[in-house]
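Protein chains in written order, with our numbering: chain A, 1 to 543; chain B, 1 to 249.
By construction, these hints were calculated from the structure, which means they are not laboratory data. Be careful, since some hints might not be right.
[Stated by the list, open to error] In silico SDA-like pairs for lysine to any residue, Cα to Cα no more than 25 Å straight-line:
1) A:K361 to A:F197
2) B:K193 to A:G157
3) B:K169 to B:V159
4) B:K102 to B:L170
5) B:K187 to A:L141
6) B:K32 to A:N456
7) B:K99 to B:E57
8) B:K197 to B:E51
9) B:K196 to A:H175
10) B:K219 to A:D460
11) B:K32 to A:E125
12) B:K169 to B:Q50
13) B:K32 to A:D130
14) A:K160 to A:E4
15) B:K196 to A:L127
16) B:K187 to A:A138
17) B:K196 to B:K20
18) B:K193 to A:D9
19) A:K160 to A:N456
20) B:K169 to B:Q129
21) B:K196 to A:L141
22) B:K20 to B:P213
23) B:K196 to A:Y132
24) B:K231 to A:P438
[Claimed, not checked] If you anchor each label on the Cβ, the simulated ranges turn out as follows:
25) B:G25 to A:L406: 51 to 59 Å
26) B:S165 to A:Q525: 53 to 61 Å
27) A:R196 to B:V220: 24 to 32 Å
28) B:D89 to A:D439: 24 to 32 Å
29) B:R179 to A:H224: 47 to 55 Å
30) B:E237 to A:E504: 39 to 47 Å
31) B:E70 to A:T414: 43 to 51 Å
32) B:L242 to A:R292: 32 to 40 Å
Using N, Cα and C, we set each Cβ at its ideal position, and we do this for glycine too.
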Amino acid sequence: MERESMEFDVVIVGGGPSGLACAIRLRQLAAERGEDLSVCLIEKGSEIGAHILSGAVMEPRALNELLPDWAAQGAPLNTPVTDDRFMFLTQSRAVRLPTPPQMENHGNFIVSLGNVCRWLGTQAESLGVDIYPGFAAAEVLFHDDGSVKGVATGDMGRAKDGSEGPNFAPGMELHARQTIFAEGCRGSLTKSLFERFKLRDGVDPQVYGIGIKELWEVQPDRHHQGQVTHTIGWPMDTQTYGGSWEYHLEDNLVSIGFVVGLNYSNPWISPFDEMQRFKTHPAVRETFAGARRVSYGARAISAGGFQAIPKLTFPGGLLVGDTAGFLNLPKIKGSHTAMKSGMTAAEAVFDLLTTGDKAGKEAVEYPTRLQTTWLWDELYRVRNIKPSFHWGLWPAVAYSALDTYLFRGKAPWTFHHHPDHESLKPAAECQPIDYPKPDGVLTFDKLSSVFLSNTNHEEDQPCHLTLRDPTVPTKLNLPVYAGPEQRFCPAGVYEYVGAVGSQELRINAQNCVHCKTCDIKDPSQNINWVTPEGGGGPNYPNM
Amino acid sequence: MKILVAVKRAIDYNVKARPKADGSGVELANVKMSMNPFDEIAVEEAIRLQEAGKAGEIVAVSIGPAACQETLRTAMAMGADRGVLVQSDDEVQPLAVAKLLKAIVDREQPGLVICGKQAIDDDSNQTGQMLAGLLGWAQGTFACNVTPEGDTLAVKREVDGGLQSITLKLPAVVTADLRLNEPRYVKLPNIMKAKKKPLDTFAPADLGVDITPRLKTVKVAEPAARAGGVKVADVQELVAKLRNEAKVI
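Assemble the whole structure, with the sequences as input and the hints as a guide.
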């Protein structure tokens, strides 16, 4: 098929904190050194910020370095953290614990990361970055020598059966001297690059969590602007990694969410229902009396940290942000490291491209420089905390304290990770969980929740949740694991329908909120998430 | 024949609109905005007429805050030739919009104005009709088919119970209904080209139009939640409930 093509110096795939920081830094360097460097950024969401979902408490360290006058420029960092609380929950009680040092938030801000990205987008555009939201990078393009040549955006207007509809518009090829993948956790193109360039050889498998978030407008007397609360314990059992956040933003808005480690073993676990159940805790529910839920969404996060960082570069391109996996899990923050990786990559790429190198070269300086930054040191020091949760909650808390206070993160050993999709046990060996029915006031079902994510996909298009083998759901997932995709998907995409004995998997792809959990947790890695038509997916406001 | 197309920046059709806590309006902070879908159909129709050799220049007009430039750029990326923004941060109600559009029509002298039949935010469905009235032009509203025939325009209208075919003398105002066409996908290179197309900006005062609102919004609230259904034991109970509780018989 003939496709049109456009040439740029740099193409960035993804308009999150890492991609935008990278774009901004590239154009800043170009302006400082009097070079002209064309930078194009594409984003699958309908606008910058549409697919961004995070707690979020933001550490402004990277932003201070990138745009030191951010406050004067109107960056939406409006709510400094004033109060930090760390609690352990039992079913009926909440016990306050000392806040671990990684979780101290003095000097940090409660933000909507989506709004921060919207603002970064305007900064990038004013620096001359060409930003195209609504275009999904669907395919990596290669030169004959095997180096990355760029990406192609997805076709628009293909019908469900793959044929060309009346408004069909073929994708565009975007060619670049360097292509930067900033897809966020579990990027679909990054996944193919891992295989092609063997980027994960010799490093731990990436491990993940799924974060489910709701935004509420609460009664003014229940609102404590600047308050940050994290909990561990109930409703998770001690063998399952999970915890919550509750952040009080401006304008009576409260962000509440729950993260479940995707290495859970009981296939009956439903992260969505854990989040709903969590809100009923007496210490939690009182904040939401008389409140109104205004938004909902979910997103997977990379939790593997230091030992799971892949090789970051390959001929013609590199990885930045959470698609590489720079999230600091004990800190439960990744936007500062994502931005830092983007900025460091920008510096390496700028030097590479302005010293006369042609397309297809590898920016080997990027990882070398990254190792000298605070990001590397920060992730190294906390590397053993997440894997220690393999032993269960209390041994992990004890070990984490030891590792943090005694060894200061410099223990002479490194624990390792196991892939999340291998951890599920057969349903018959596990205790089914009886989740309470939603009350429609504080707790909700999936469909009314997905409604608030404003997600939408053109209905007449090929299904973007592809099955490598269409028989696996009914041969393996249903009989052995009781159809876990029905529960780990937070958007009600997967449903087994039909009479018992002849059930089939139905995929409601329009509901997808692009969290990527199915691609991660499917026990035989049979589900392959690919990009739908650009502009599809959630339209998160203030998330 | 020059065509003028009016495009409004409205809350995106995927977004679930939510009233502000104080009831003063709809919450729009950081909410996705896009071109009113009926206006997109209007732009598409203008482009199709141009592609069929039935129209000359296409001018897109938007009225509202500076962010409406984006809406105009979208119209130009689809194929409009240039944009006109009447910039105002104040509320503009349908009558003011019609008066501003009339002022632009007086300047531009188009042979045809195409608007969306209504905007999906306030659902007024007034602007096109008021504009035709102010101009003294023929109007073809709720159009599902538009065919120029010399100095007339054949329009099929979607009316209650079927389709109505009318012939308008040009110049005329047409408002686009859902089935008029299916707008095209905007192509990436066209978005780039649209950035370089001309865009003129006016203030309402430049056009001599007073946009002071004539209508006052009293309150914006969500519709009352529907109460759950109940099961009745027999016909007697149903009749009693209809009579005594619902008071419908």
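Quick rundown of the hints versus the structure:
1. A:K361 to A:F197: 14 Å, holds
2. B:K193 to A:G157: Holds. K193 of chain B to G157 of chain A sits at ~22 Å (cutoff 25 Å).
3. B:K169 to B:V159: 20 Å, holds
4. B:K102 to B:L170: 16 Å, holds
5. B:K187 to A:L141: 19 Å, holds
6. B:K32 to A:N456: Holds, because 13 Å separates the two Cα atoms, which is no more than 25 Å.
7. B:K99 to B:E57: 22 Å, holds
8. B:K197 to B:E51: OK: K197 of chain B and E51 of chain B at ~18 Å, within 25 Å.
9. B:K196 to A:H175: Holds. K196 of chain B to H175 of chain A sits at ~22 Å (cutoff 25 Å).
10. B:K219 to A:D460: Violated: K219 of chain B and D460 of chain A sit about 39 Å apart, past 25 Å.
11. B:K32 to A:E125: 18 Å, holds
12. B:K169 to B:Q50: 19 Å, holds
13. B:K32 to A:D130: Measuring from Cα to Cα gives roughly 20 Å; hence the hint holds.
14. A:K160 to A:E4: 24 Å, holds
15. B:K196 to A:L127: Status holds; Cα separation ~17 Å.
16. B:K187 to A:A138: 16 Å, holds
17. B:K196 to B:K20: With a Cα-Cα distance of about 37 Å, the restraint between K196 of chain B and K20 of chain B is violated, given a limit of 25 Å.
18. B:K193 to A:D9: Roughly 19 Å between the alpha carbons, so the hint for K193 of chain B and D9 of chain A holds.
19. A:K160 to A:N456: Answer holds: K160 of chain A to N456 of chain A is near 15 Å, not above 25 Å.
20. B:K169 to B:Q129: 16 Å, holds
21. B:K196 to A:L141: 29 Å, violated
22. B:K20 to B:P213: 20 Å, holds
23. B:K196 to A:Y132: Distance of about 16 Å is within 25 Å: holds.
24. B:K231 to A:P438: 21 Å, holds
25. B:G25 to A:L406: 51 to 59 Å: About 57 Å separates the Cβ atoms of G25 of chain B and L406 of chain A, which means 51 to 59 Å holds.
26. B:S165 to A:Q525: 53 to 61 Å: 58 Å, holds
27. A:R196 to B:V220: 24 to 32 Å: Since the Cβ atoms of R196 of chain A and V220 of chain B sit about 53 Å apart, the hinted range of 24 to 32 Å is violated.
28. B:D89 to A:D439: 24 to 32 Å: Distance hint for D89 of chain B, D439 of chain A is violated at roughly 42 Å.
29. B:R179 to A:H224: 47 to 55 Å: Between R179 of chain B and H224 of chain A, where Cβ atoms are some 52 Å apart, the hint holds.
30. B:E237 to A:E504: 39 to 47 Å: Given range 39 to 47 Å: holds, Cβ gap about 41 Å.
31. B:E70 to A:T414: 43 to 51 Å: 49 Å, holds
32. B:L242 to A:R292: 32 to 40 Å: 33 Å Cβ-Cβ, so the 32 to 40 Å window holds.
Taken one by one, the earlier hints fail for this structure at numbers 10, 17, 21, 27, 28, listed in ascending order.
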